[in-house]
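Colleague: Given the structure of chain A, go ahead and fit chain B onto it with the hints provided.
In case you want the letters, here they are:
Protein chains: 2
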Amino acid sequence: MTEQQKPSLEVCLSPALLHLYDVKNCIVVIIDVLRATSTICTVLYNGATKVIPVSSVAECVNIGKQLGAITAGERDGRIAEGLLHGNSPFEYPREFIQDQTLVLTTTNGTKLLHMAKDAIQIVTGSFPNISAVCDYLVAQKQPVILGCAAWKDRVNMEDTLFAGAVVSRIREHFSVNCDSAIMAESAYNAAKGDLYGVMTQASHFKRLANYGLENDIRYCLTPDGANVLPIFNNGELVIG
Amino acid sequence: MTEQQKPSLEVCLSPALLHLYDVKNCIVVIIDVLRATSTICTVLYNGATKVIPVSSVAECVNIGKQLGAITAGERDGRIAEGLLHGNSPFEYPREFIQDQTLVLTTTNGTKLLHMAKDAIQIVTGSFPNISAVCDYLVAQKQPVILGCAAWKDRVNMEDTLFAGAVVSRIREHFSVNCDSAIMAESAYNAAKGDLYGVMTQASHFKRLANYGLENDIRYCLTPDGANVLPIFNNGELVIG
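Line by line, the protein sequences give chains A and B.
Counting from 253, one number per residue, gives the positions in the first sequence under this note's numbering.
Counting from 253, one number per residue, gives the positions in the second sequence under this note's numbering.
Chain A with its partners taken away, still in its complex shape (with noise of 0.2 Å):
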């Protein structure tokens, strides 16, 4: 293929700058690091039957009690009030997920989900499932954007981190014509020696650090521990 058939690849930062790229002729990859999707394909992997992810508390409890599934979800770093779970990945090995639904609400990463509607296809990565999400987007063949749900829109390091490591992947395969995807790439390439380390200095670092997270930071950012791709259809996360 020559570069001008190549579909394209685009890194969009934050939900606040959804609007400048061409949603509904790409497929959209919603990235959340920290943890909404790498807590998702971990529950899918585990076995799963769904994840429905929802916007608001009060959303999330009624569709958990219509539908008898888990219902999760954080405000602030705690369990949001009516909920019975939280983020983290680890709340949820197979021995009590599976077979189950969860109803997971929060908040980056749902407001990117709906924003990225129109998309051809919407699915969900993060390091956990890294190599299934660069699989997918290579055999494809269509344009893509990766969105980072970023933090209150603003851009974070790993959400950018995620992207960049995508890219670095699956570049080959695309027309990267992006400055955000270049200096993703570049701001990968320089971490991805001590990821970890490298997230120490980065501000949702802290907050978790601060609840005493950093196992499921860890987690979060080693590829293919839950290496499955969920994808996004009719409000539900299912595995593609």
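To be clear, the hints were calculated from the coordinates, so they are not data collected in a lab.
Ideal Cβ placement from N, Cα and C applies to all residues, glycine included.
One or more of the hints may lead you astray.
[Stated by the list, open to error] Listed below are several chain A residues computed to face chain B (Cβ distance under 8 Å; list not exhaustive):
no., residue
1, Arg406
2, Val407
3, Thr412
4, Ile434
5, Val480
[Unchecked claim] From the derived model, a few chain B residues whose C-beta atoms are all more than 10 Å from chain A:
no., residue
6, Ala310
7, Gly320
8, Leu336
9, Tyr388
10, Ser420
11, Gly445
12, Tyr463
13, Asn467
14, Asp476
15, Gly492
Modeller: Just chain B now, with coordinates in the frame of chain A:
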């Protein structure tokens, strides 16, 4: 000074993200490397009395007439209709611009300047005046936002790299708790051995190179060619 006592240093990668920052308690550096803020410091360094940045071509023409000033600005890479000069720093040698007023219309840079109007102080920065900018910021001991003008709100490489260069030079005097700042510095450190080479991958490089402006780009990426500090006061940029 302890880390807590140091003023903050943040990077805003796009005007579309500026609402997330506390502009009114900060000094804001407007960064539009290719080429508005490179040309602004050059024009002042070469003896212009002042530069008046305006949003529209019509405003540029009107103010130019009122003041008997030189009018300049481009749209889509060409001198805008009704104006006489463009955005290239090489159009403004001392023998032409000394003791003159320049009225300059640019899209990205002027937009950001008006958005930042409540800041403690607004200055403009680019590689040709990087030392003047850094010396000023260190001396002021105030919180700083490095504001990238970007390209139609899309994050761009050249403004991010300049922000990263500033972070790299002055970070010891500031508290840097901003992922964008850390990543901009990392991108700059990766690129600094060959800024021009790295920039040949950038989207804006491709746009400008089509107009034969490689020399402009080289100049705009070279430190201290016009090392003065443009400060914005009452709608005018003058040497601080």
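Colleague: Determine for every hint whether it applies to the structure shown.
Modeller: Tested hints:
no. : hint   : verdict
1   : Arg406 : holds, 5 Å
2   : Val407 : holds, 5 Å
3   : Thr412 : holds, 6 Å
4   : Ile434 : holds, 5 Å
5   : Val480 : violated, 28 Å
6   : Ala310 : holds, 26 Å
7   : Gly320 : holds, 40 Å
8   : Leu336 : holds, 31 Å
9   : Tyr388 : holds, 26 Å
10  : Ser420 : holds, 13 Å
11  : Gly445 : holds, 13 Å
12  : Tyr463 : holds, 18 Å
13  : Asn467 : holds, 21 Å
14  : Asp476 : holds, 24 Å
15  : Gly492 : holds, 29 Å
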